[in-house]
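Chemist: Below, each chain spelled out in residue letters.
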Amino acid sequence: MKKIENLLTIEELSNEQINHLIEKSIYFKNNKTIIPKLKKDIFIANLFFENSTRTHKSFEVAEKMLGFKSIEFQTETSSIQKGETLYDTVLTLGSINISGLVIRHPDKEYYKELLQSKNIKSKIINAGDGVGEHPTQSLLDLMTIYENFKTFKEIKVAICGDLKHSRVAHSNMKILKRLGAKVYFAGPKEWFENNYNDYGEYKTIDEIINKVDVLMLLRVQNERHTDRLNNSINYLEEFGLNISRYNRLKEGSIIMHPCPVNRNVEIESSLIESEKSKLLEQMTNGLYMRIAILYELFKDEF
Amino acid sequence: MKKIENLLTIEELSNEQINHLIEKSIYFKNNKTIIPKLKKDIFIANLFFENSTRTHKSFEVAEKMLGFKSIEFQTETSSIQKGETLYDTVLTLGSINISGLVIRHPDKEYYKELLQSKNIKSKIINAGDGVGEHPTQSLLDLMTIYENFKTFKEIKVAICGDLKHSRVAHSNMKILKRLGAKVYFAGPKEWFENNYNDYGEYKTIDEIINKVDVLMLLRVQNERHTDRLNNSINYLEEFGLNISRYNRLKEGSIIMHPCPVNRNVEIESSLIESEKSKLLEQMTNGLYMRIAILYELFKDEF
Amino acid sequence: MKKIENLLTIEELSNEQINHLIEKSIYFKNNKTIIPKLKKDIFIANLFFENSTRTHKSFEVAEKMLGFKSIEFQTETSSIQKGETLYDTVLTLGSINISGLVIRHPDKEYYKELLQSKNIKSKIINAGDGVGEHPTQSLLDLMTIYENFKTFKEIKVAICGDLKHSRVAHSNMKILKRLGAKVYFAGPKEWFENNYNDYGEYKTIDEIINKVDVLMLLRVQNERHTDRLNNSINYLEEFGLNISRYNRLKEGSIIMHPCPVNRNVEIESSLIESEKSKLLEQMTNGLYMRIAILYELFKDEF
Chain A
1 MKKIENLLTI EELSNEQINH LIEKSIYFKN NKTIIPKLKK DIFIANLFFE
51 NSTRTHKSFE VAEKMLGFKS IEFQTETSSI QKGETLYDTV LTLGSINISG
101 LVIRHPDKEY YKELLQSKNI KSKIINAGDG VGEHPTQSLL DLMTIYENFK
151 TFKEIKVAIC GDLKHSRVAH SNMKILKRLG AKVYFAGPKE WFENNYNDYG
201 EYKTIDEIIN KVDVLMLLRV QNERHTDRLN NSINYLEEFG LNISRYNRLK
251 EGSIIMHPCP VNRNVEIESS LIESEKSKLL EQMTNGLYMR IAILYELFKD
301 EF
Chain B
1 MKKIENLLTI EELSNEQINH LIEKSIYFKN NKTIIPKLKK DIFIANLFFE
51 NSTRTHKSFE VAEKMLGFKS IEFQTETSSI QKGETLYDTV LTLGSINISG
101 LVIRHPDKEY YKELLQSKNI KSKIINAGDG VGEHPTQSLL DLMTIYENFK
151 TFKEIKVAIC GDLKHSRVAH SNMKILKRLG AKVYFAGPKE WFENNYNDYG
201 EYKTIDEIIN KVDVLMLLRV QNERHTDRLN NSINYLEEFG LNISRYNRLK
251 EGSIIMHPCP VNRNVEIESS LIESEKSKLL EQMTNGLYMR IAILYELFKD
301 EF
Chain C
1 MKKIENLLTI EELSNEQINH LIEKSIYFKN NKTIIPKLKK DIFIANLFFE
51 NSTRTHKSFE VAEKMLGFKS IEFQTETSSI QKGETLYDTV LTLGSINISG
101 LVIRHPDKEY YKELLQSKNI KSKIINAGDG VGEHPTQSLL DLMTIYENFK
151 TFKEIKVAIC GDLKHSRVAH SNMKILKRLG AKVYFAGPKE WFENNYNDYG
201 EYKTIDEIIN KVDVLMLLRV QNERHTDRLN NSINYLEEFG LNISRYNRLK
251 EGSIIMHPCP VNRNVEIESS LIESEKSKLL EQMTNGLYMR IAILYELFKD
301 EF
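Order-wise, the sequence lines are chains A, B and C. Numbering of the first sequence is given in the numbering used here, commencing with residue 1 and proceeding in unit increments. Numbering of the second sequence is given in the numbering used here, commencing with residue 1 and proceeding in unit increments. Numbering of the third sequence is given in the numbering used here, commencing with residue 1 and proceeding in unit increments.
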């Protein structure tokens, strides 16, 4: 298997690499005591230019569980405030013994400029590039599906909701198709774009609810909208998961959501911790997937 | 002695538990080299939704002295900014291997909702719940009194100042009475509420100054006031500790204040580091009391 | 050699102490594996009241490489917001087992008040005091010059640009003269003050460019200016390092800049990573110089 040098997009990973990360993360989750520890000091900096709880803190915990030294980069008290660019910031951090950079940044493909520099030697881990990708979220989603069904082949996955603004949706539709799953889309039709037809079929949630193995709900990303849905629309009743739809889900099916949830918008509040819900499991899986990723990226140091 | 599972209020602790924590903290303070270290990785997150220096940083130092892995949760760059609730934040942190949560939050009794969830398994340590309680401050205050007098029985304690807005005052009046101390109140009469009569007597500071063993000054909490005292009042001369009152304090008596001090309001600036002042000692005691608390909560892991 | 107790200004260091720090930092840089580790827990807090990336993060990495426990003090979520002073903050941190304080503060000579207190026992490391000094930047600059020329004697250094607002310029002109270098100044004449004549001569950049060993560019500190340069001036062409000036630099000469750079203002963007540029090297040197400083300050603990 080709070594993973940076983690930038999910598409660049081969099926073999994805399967390896899934197996490794499930193995670490089930065997916590054998998670390896670095023998020497290796520094990773976390640079979050957009708000985050789950991704940020699970990276930080993952780093510390593996024995990395974590450095928190605070954008709001850094030289970013004096006008310093991301490129110059990364150049700086690489110059002071920081070997890995976990970056969330509003610019799509922010990493391209960084990779062109011969002076940037730190590994880059993309924790979200604007409306681009969020590969560690995709990987933890895949891990969760695989953990439940032991395969992707013919698994029916409906991706429902804010398809247009969700970086996770864009990655997941492509990769799920590649891995053999059958993808459907649901949610407000104005958020469905023509090119999604390449990956799966559009259905209403009521047409699809009793057929899917995985109901993958997306967060309504109010912070990215300019075409905000008319407030008169009751999103939950039209497009979300309410109790009557929950009751139509077939046996063995699971509910996913990248979180944070807008309670009673994408999903009725009482269903968040329901039996079919894998929302908490996804968070836990995110930790072990990030452990697996960091381990693979720095394999030679363990 | 009953094991302490969460630390939420001082009232829920038995006298036996309080005395045990006081003894343990004084023991750790006097024997720093024997403070135990965790043998495995245990994560604690510090969530401060209100400003703090002393409480926040002494918890962080205490955690690190005991060998915990500390995670700083920054409310201002987290998904709280996307509207995520405290409950969902705690659910998230608990899902990513965080075993303890030190929380300061503006909502009184914020912890009640958290304790009802079967999915929240992290221990909760209350670092201040709005106008509610601040149990670790109470405990460090008790430790300071005990360290000086070796008993609470018949110790005369005057609690002076912003009784109405001080979460420490509410806890301390109840617990000091329970432990056998004699409580008095002083300060602006409009901040004295009727139910305080259950715990002690109201006196002017000049009536009580030469009789007390402990002069416990409270911070004027400008940030919580709407009924701000008339600016024309000279608080220090009417209600605070100035030099002439300091000179009337009896031998062996001590001055306390939870800090931060408003210099020349509650206390004349030059008295902060005076002989009778225990203000710095209280901060140091806060560190060792928090070490004792964390040790008790995670006793099985040492 | 006299032990260094606090690091406040560069002037207070003897030539012997400076040379010792330079040798030590170069030694650590070239022998990373022998950097010593503390045997016990010693806490250092980083207090940055002004924005910083390089200084802040290289101190944090240096602390962690030496085995210190780092505490990040966040001014914006601390009791500073309740009006607590720097003095009271330092008193607090010293009371909770914090032995060293790395402080950047907008007030010139903020440390004088701190040193007068008998109750402040933490060592103070000045990471910049307003328009005052920035001794660790001076030391890393000296390290970089020494690393390249193995001497300061007769080395020709031109300090170019915002002389008036640069705390680094003030320190460097004095110390470079003391160490035997020959100092020149260039840049907008209105930023050249009469007393600089004591340390070196004013020249235009074009008069001096082909004679210097070290071209030390200064950042135009827009955030400190009120007498902002007329926007119609093309700073780069009049005072900065463009390609035609770069080509006139003599063989073996080096370019320095404390960073962050205003690209295409002090220096043409493409020259930042050019052969003669030591900008990245300065950042790396900053890390090892700070390791050497912390090691010297806490020598007895290793």
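I should point out that these hints are in silico values taken from the structure, not numbers from a laboratory. Please note that a few of the clues may not be correct.
Claimed, not checked - Simulated restraints on C-beta separations:
no., chain 1, residue 1, chain 2, residue 2, range
1, B, E76, A, N197, 39 to 45 angstroms
2, B, K40, A, H20, 46 to 52 angstroms
3, B, K39, A, L115, 47 to 53 angstroms
4, C, N264, B, K112, 54 to 60 angstroms
5, B, K40, A, S269, 33 to 39 angstroms
To be verified - In silico BS3-like pairs for lysine-lysine, Cα to Cα no more than 25 angstroms straight-line:
no., chain 1, residue 1, chain 2, residue 2
6, B, K64, A, K32
7, A, K40, B, K69
8, A, K29, B, K156
9, C, K64, A, K39
10, B, K32, B, K82
11, C, K276, A, K40
12, A, K37, B, K3
13, C, K40, B, K299
14, B, K118, B, K156
15, A, K276, B, K177
16, B, K39, C, K276
17, C, K64, A, K299
18, B, K69, A, K69
19, C, K32, B, K39
20, A, K276, B, K118
21, C, K276, A, K69
22, A, K64, B, K177
23, C, K40, A, K118
24, B, K3, B, K177
25, A, K40, C, K40
26, B, K118, A, K32
27, B, K37, A, K64
28, B, K64, C, K276
29, A, K64, B, K123
30, A, K299, C, K39
Every residue gets a Cβ at the ideal spot worked out from N, C-alpha and C, and that includes glycine.
Chemist: All the hints need checking, so say for each whether the structure fits it.
Modeler: Results of checking the hints against the structure:
One distance hint, 39 to 45 angstroms for the beta-carbon pair E76 of chain B and N197 of chain A, holds here, with the actual separation near 41 angstroms. In this structure, K40 of chain B and H20 of chain A break the distance hint of 46 to 52 angstroms, their C-beta atoms being roughly 27 angstroms apart. With their beta carbons about 41 angstroms apart, K39 of chain B and L115 of chain A fall outside the hinted range of 47 to 53 angstroms. Taking the beta carbon of each, N264 of chain C and K112 of chain B are about 58 angstroms apart, inside 54 to 60 angstroms as hinted.
Range check, K40 of chain B to S269 of chain A: Cβ separation about 36 angstroms, and the 33 to 39 angstroms hint holds. Taking the CA atoms of K64 of chain B and K32 of chain A, the gap is near 22 angstroms; set against the 25 angstroms cutoff, the hint holds. Note on K40 of chain A and K69 of chain B: the hinted pairing holds, with a Cα-Cα distance of about 18 angstroms set against a maximum of 25 angstroms. Our distance criterion of 25 angstroms between C-alpha atoms is broken by K29 of chain A and K156 of chain B, whose separation comes to about 56 angstroms.
Only pairs whose Cα atoms come within 25 angstroms are accepted, and K64 of chain C paired with K39 of chain A is accepted, the gap being roughly 15 angstroms. Note on K32 of chain B and K82 of chain B: the hinted pairing is violated, with a Cα-Cα distance of about 43 angstroms set against a maximum of 25 angstroms. With a C-alpha separation of about 33 angstroms, the suggested pairing of K276 of chain C with K40 of chain A is violated against the 25 angstroms cut-off. Among the hinted pairs, K37 of chain A with K3 of chain B is inconsistent with the structure: their alpha-carbon atoms are about 33 angstroms apart, more than 25 angstroms.
Taking the CA atoms of K40 of chain C and K299 of chain B, the gap is near 22 angstroms; set against the 25 angstroms cutoff, the hint holds. For the given pair, K118 of chain B sits about 44 angstroms from K156 of chain B by alpha-carbon distance, which is inconsistent with the 25 angstroms threshold. Note on K276 of chain A and K177 of chain B: the hinted pairing is violated, with a Cα-Cα distance of about 51 angstroms set against a maximum of 25 angstroms. The suggested pairing of K39 of chain B with K276 of chain C is violated, with an alpha-carbon distance near 50 angstroms, which exceeds 25 angstroms.
For the hint linking K64 of chain C to K299 of chain A, the alpha-carbon distance of about 22 angstroms falls within 25 angstroms, and the restraint holds. Of the supplied pair hints, the one linking K69 of chain B and K69 of chain A holds, its CA atoms being roughly 11 angstroms apart against a limit of 25 angstroms. Straight-line distance between C-alpha atoms of K32 of chain C and K39 of chain B comes to about 28 angstroms, which puts the hinted pair past the 25 angstroms bound. Distance restraint check for K276 of chain A and K118 of chain B: the Cα-Cα separation of roughly 16 angstroms lies within the 25 angstroms cut-off, and the hinted pair is therefore satisfied.
Distance restraint check for K276 of chain C and K69 of chain A: the Cα-Cα separation of roughly 33 angstroms exceeds the 25 angstroms cut-off, and the hinted pair is therefore not satisfied. A distance of roughly 45 angstroms separates the Cα atoms of K64 of chain A and K177 of chain B; the hinted pair therefore is violated under the 25 angstroms criterion. Taking the CA atoms of K40 of chain C and K118 of chain A, the gap is near 39 angstroms; set against the 25 angstroms cutoff, the hint is violated. Pair hint K3 of chain B plus K177 of chain B holds up; C-alpha atoms about 24 angstroms apart against a cutoff of 25 angstroms.
Our distance criterion of 25 angstroms between C-alpha atoms is met by K40 of chain A and K40 of chain C, whose separation comes to about 18 angstroms. A C-alpha spacing of about 23 angstroms is found between K118 of chain B and K32 of chain A, which places the hinted pair at or below 25 angstroms, so the restraint holds. For the given pair, K37 of chain B sits about 17 angstroms from K64 of chain A by alpha-carbon distance, which is consistent with the 25 angstroms threshold. For the given pair, K64 of chain B sits about 44 angstroms from K276 of chain C by alpha-carbon distance, which is inconsistent with the 25 angstroms threshold.
In summary, the hint linking K64 of chain A to K123 of chain B is supported, as the alpha carbons are separated by about 20 angstroms, within the 25 angstroms threshold. The suggested pairing of K299 of chain A with K39 of chain C is violated, with an alpha-carbon distance near 28 angstroms, which exceeds 25 angstroms.
Consistency with the previously given hints fails for numbers 2, 3, 8, 10, 11, 12, 14, 15, 16, 19, 21, 22, 23, 28 and 30, ordered from lowest to highest.
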